[in-house]
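Protein chains in written order, with this note's numbering: chain A, 1 to 113; chain B, 1 to 112.
Hints in this document: simulated from the structure, not taken from any laboratory.
All residues carry an ideal CB built from backbone N, CA and C; glycine is no exception.
Treat the hints with caution; some may be incorrect.
To be verified - With beta-carbon atoms standing in for the labels, derived distance ranges: (1) A:Q81 - B:K68: 26 to 34 Å; (2) B:G16 - A:A2: 32 to 40 Å; (3) B:S52 - A:S98: 15 to 23 Å.
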Amino acid sequence: NAGVMQNPRHLVRRRGQEARLRCSPMKGHSHVYWYRQLPEEGLKFMVYLQKENIIDESGMPKERFSAEFPKEGPSILRIQQVVRGDSAAYFCASSPDSTGELFFGEGSRLTVL
Amino acid sequence: DQQVKQNSPSLSVQEGRISILNCDYTNSMFDYFLWYKKYPAEGPTFLISISSIKDKNEDGRFTVFLNKSAKHLSLHIVPSQPGDSAVYFCAASDIRGNKLVFGAGTILRVKS
C-alpha cells in the first residue's frame, strides 16, 4: 500500500544544471501539490496540479521552474539552471479531491553546489 | 509576509505532562486549520484539523482549540509521550485542505 512516492530522495547538482523531481501520488488521488521547505522555514506552496492541468501555480517562481502532471506517469517538478538558493527539501502531496486531506511524500532534498 | 506564525521554535516537556503548541494567523479569510507532525527525513503527516465554525476538536490525546477573535489556535497533547517528539506545523487554508499556508514549525521534545 504505497503512499506518495518521491524520487530521488537526495539530489546533488552543480550550479547551472537541471534538477528533475518526480512524484507518484497515492493510488486513486488525482490532485498533486508541490511544496518547498527552505532551512529553518515552514513549507511554502508552489503549485497545484490535476491530471494534465495546472490549477494554481501562484507559488512557483516565474523563471526556471516548471511542473507537469501528465495523463500517464508521475508529476515532475523541473528546475532549470539551478542556483544555490534552490537548495531545499521539495515535498509532494496528493489528495483524492480538491478539499481532502493532503498526504505528503518523504520529500526530495536538493543540494546545489 | 508570514500569514501563519509559530513563535516558539522549540518546546521541551516532561513525559506525562501537557504539551501546548501555539499558532497565530493574520489572514481573516482562513477558515480551516490543520496540524501536521514531522519526523526527521520524513514528510509531514496529518494530525488533527478544525473548521472555523468550531472552537474545539478532540482526537484521543490531541485537542485543537481555535479562538477566531484572537486569530489564535493551539494544539494540546496530553499526556505527552516520548514518541511525540517531532516538529509540529500549523497550517491554514481558505479552502478546506487546499493550498495550505504553513507556519515555520515548533520542535517538541518530550523527555522521559
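Here's how the hints hold up against the structure:
1. A:Q81 - B:K68: 26 to 34 Å: Given range 26 to 34 Å: violated, Cβ gap about 45 Å.
2. B:G16 - A:A2: 32 to 40 Å: Check passed, 36 Å falls within 32 to 40 Å.
3. B:S52 - A:S98: 15 to 23 Å: Holds, since S52 (chain B) and S98 (chain A) (Cβ atoms, about 18 Å apart) stay within the stated range.
Consistency note: the structure conflicts with earlier hint 1 alone.
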